[in-house]
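J.: Make the full structure from the sequences, and use the hints.
2 protein chains.
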Amino acid sequence: MSLLVVGSVAFDAIETPFGKTDKIVGGAASYISLATSYFTKGTKLVAVVGEDFPQEFIETLQNRGVSTEGLQIKQGEKSFFWSGKYHTDMNSRDTLITELNVLGNFDPIIPESYQDCEFLMLGNLTPAVQQTVINRLTKRPKLIVMDTMNFWMEIALDDLKKTISMVDVLTINDEEARQLSGEYSLVKAAAKIQAMGPKYLIIKKGENGALLFHGKEVFFAPALPLEEVFDPTGAGDTFAGGFIGYLAKTGDISFENMKNAIIYGSAMASFCVEKFGTERIMDLKEDELQARIQQFQKLVKFGALSF
Amino acid sequence: MSLLVVGSVAFDAIETPFGKTDKIVGGAASYISLATSYFTKGTKLVAVVGEDFPQEFIETLQNRGVSTEGLQIKQGEKSFFWSGKYHTDMNSRDTLITELNVLGNFDPIIPESYQDCEFLMLGNLTPAVQQTVINRLTKRPKLIVMDTMNFWMEIALDDLKKTISMVDVLTINDEEARQLSGEYSLVKAAAKIQAMGPKYLIIKKGENGALLFHGKEVFFAPALPLEEVFDPTGAGDTFAGGFIGYLAKTGDISFENMKNAIIYGSAMASFCVEKFGTERIMDLKEDELQARIQQFQKLVKFGALSF
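One line per chain: the protein sequences are A and B, in this order.
Residue numbers for the first sequence follow this note's numbering, beginning at 1 and rising by one.
Residue numbers for the second sequence follow this note's numbering, beginning at 1 and rising by one.
Hints may be right or wrong, so weigh each one.
Copies of the same chain look alike in the list, so a pair counts if it fits in one copy or across any two.
Pairs of lysine-lysine, DSSO-like flavour, derived with a Cα cap of 27 angstroms [stated by the list, open to error]:
1. Lys205 to Lys41
2. Lys249 to Lys298
3. Lys188 to Lys216
4. Lys259 to Lys20
If you are wondering where the hints come from, they were derived from the structure by calculation, not from laboratory data.
T.: Shown next as C-alpha cells:
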C-alpha cells in the first residue's frame with residue numbers, strides 16, 4: 001500500500017570514535033525512504049532541499065521506487081545541514097553545527113497524486129509542519145506514525161502535544177519518554193503518553209532494543225548485539241522506516257503485526273549503524289535481509305516454559 | 001540435583017527514592033538460596049554470620065528446604081554489613097558503609113555431606129575464597145557458576161582471573177564486562193572473557209535484560225518492564241539463583257536449556273525488585289510464578305517472519 005514519508009532530506013557531517021565524514025547525505029526522510037523501499041514500491045516523499053543537493057541521491061531513491069514528485073528543490077538556497085560528534089559510548093553526542101537553510105520555512109506541499117496514501121510517516125520535524133501535513137490530507141490515512149525529539153519538547157511543547165494527539169503511533173527514545181511524561185518508569189510514562197492521544201507508543205532504547213506499548217499490553221524487541229557500531233546516525237529513522245514499511249506491505253495494522261514490524265525495523269536499523277550515514281542501507285541484498293531476520297528470531301527464542 | 005551456594009549472608013541498610021530501611025537481611029547467598037529454593041529442595045549453603053544474625057531468617061531458609069549445616073555462626077562477632085543509597089535512576093548507587101566483620105577472615109568450610117553437590121553457585125565474594133571452595137570439593141561439580149563485581153577487578157585482578165579460569169559460567173554486568181575486557185562492544189568483550197576460561201558468559205544489563213554468550217552464539221532475555229522498581233538490591237543474585245536453580249532442577253546444562261534458565265532467573269529478579277530486600281521473594285505463590293513466566297513469554301513473542 002502507498003506510504004507518504006515527510007521529513008528532512010539534508011546533509012550531515014559526522015564524527016564518531018571510528019572516523020569522520022565530510023558532508024554526506026542524511027536527514028530523517030532519507031533514512032526512512034530507503035528503509036521503506038525494501039518493503040513497498042509505493043513510497044512517496046515530501047521534503048525540501050537546496051540546489052546544492054546531489055541529483056545522484058535523488059536518482060537512487062527513484063531507482064528504489066520512491067516517488068520524489070513531492071521533493072521541492074529550492075534554487076539559490078542551501079540544504080539543511082547538521083554536524084555532530086559522538087562520545088565514546090556512542091549513546092550521546094554533541095551537536096556542532098545546525099544550519100536550517102531551506103528547512104527554516106518549509107511548506108510541505110502534498111502533490112495531488114499523493115492524496116491516496118494509506119500510511120503516513122512523519123519523520124522528525126517542527127511539530128507545526130507535521131500538523132500541516134495531516135491537515136492537508138483530504139482523507140485521513142489508515143495509520144499515522146510520528147517521530148519527534150526532545151528539542152521540540154523544549155521549544156514547542158504545545159504544538160508538539162497537539163500534533164501527538166492526532167497520530168496513531170508515536171516513536172521516541174527512553175529519555176524523551178521520561179521528559180514528555182515526567183515519569184521515570186517507562187511503564188508509567190507509556191500510560192501517560194497514550195493518554196495524550198496515540199494508541200500505540202514505541203520507546204526506542206538504542207542498543208537496548210525497543211518497547212511497544214498498547215493499552216496495558218507491552219512487547220519488547222531486542223537490538224542485535226553487534227561487534228561494532230560504526231555510526232548510530234539515522235538508526236531511529238531507519239527503524240521507523242522498516243516498521244511502517246512492513247505495515248504498509250502487509251496492510252495489517254493490528255498490534256500483533258506491529259510486533260513483527262518492530263522486528264523488521266530493528267533489523268533495518270542494525271544494518272544502518274554498520275557504516276557511516278546511509279551507505280549500508282543503499283543496496284541491501286535479499287540474502288542479507290533474510291539472514292538478519294533469522295538472527296533476530298534466534299536471539300530471543302527459548303523453550304516452552306512453566307513453573 | 002543438589003546445589004551448593006556460597007556467598008555472603010549479611011545485613012544491609014538501603015535507601016532508595018521510595019524509602020529507606022533499617023538493618024535488614026541481605027547478602028548474595030541469602031538472595032541466591034531463596035531463589036534456588038523455588039526450583040530444588042537440594043540447596044546447601046556455605047556462609048558465615050555473627051551472633052547478631054536473626055535465627056528467624058535461618059529458619060526461613062530451612063523451612064524452604066535449604067541446608068544450613070555449612071552456615072557458620074561466629075559467637076562474639078558481628079555479621080557483614082553494607083549500607084548504600086540509590087540515585088534517582090536506580091541504576092547507580094553510593095556505598096555509605098561497609099563493615100566486613102565476620103567476612104574479613106571467612107574460611108569456607110565444606111561439610112562432608114555437601115561433597116556430592118553437582119551444581120556450584122559462587123556468589124560475589126573475595127575471588128581467593130571462591131577459589132578455595134572449588135579446591136576443597138573432592139569432585140568437580142557438573143557446573144560452576146560464578147558472580148563477581150568491579151571491586152575485585154580493582155583490588156584483586158590476578159586472583160579474580162585465576163578463579164574465572166576455573167568456572168563454566170561467569171555472570172557480570174555490562175560495565176564490568178567492559179572493564180574486565182577493555183572492550184566497549186559487548187560482543188567483543190564476550191569473546192575476550194570467554195578466552196579467559198568460562199565457556200558461557202552472562203552479561204546482566206539491569207532493566208535492559210541480559211545476554212548469554214557461548215562461542216559465537218548469543219541469546220537475549222529482556223527484563224520485564226515494571227511500573228515501579230522499588231529496590232534493585234539483590235536482583236543480580238536472585239537472577240543467578242533462578243538461573244542455576246532451574247538448571248539444577250532439570251539437570252540439563254545445554255546452551256538451549258540455559259536460555260530457559262535465564263528466563264526463570266529474570267522472572268525471579270523481577271519479583272525481587274518489587275519490595276525492599278528479600279521481602280518479596282520469601283514466599284512467592286505458585287500462581288504468581290506461573291503468571292510471571294507467561295508474561296515473559298508474551299513479552300518477546302512475535303510471528304514467523306521472512307523477507
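J.: None of the hints should be skipped; say for each whether it holds.
T.: Structure-based check of each hint:
no., hint, verdict
1, Lys205 to Lys41, "neither (29 angstroms within a copy, 39 angstroms between copies)"
2, Lys249 to Lys298, "both (24 angstroms within a copy, 25 angstroms between copies)"
3, Lys188 to Lys216, "within (10 angstroms within a copy, 37 angstroms between copies)"
4, Lys259 to Lys20, "neither (35 angstroms within a copy, 39 angstroms between copies)"
Taken one by one, the earlier hints fail for this structure at numbers 1, 4, listed in ascending order.
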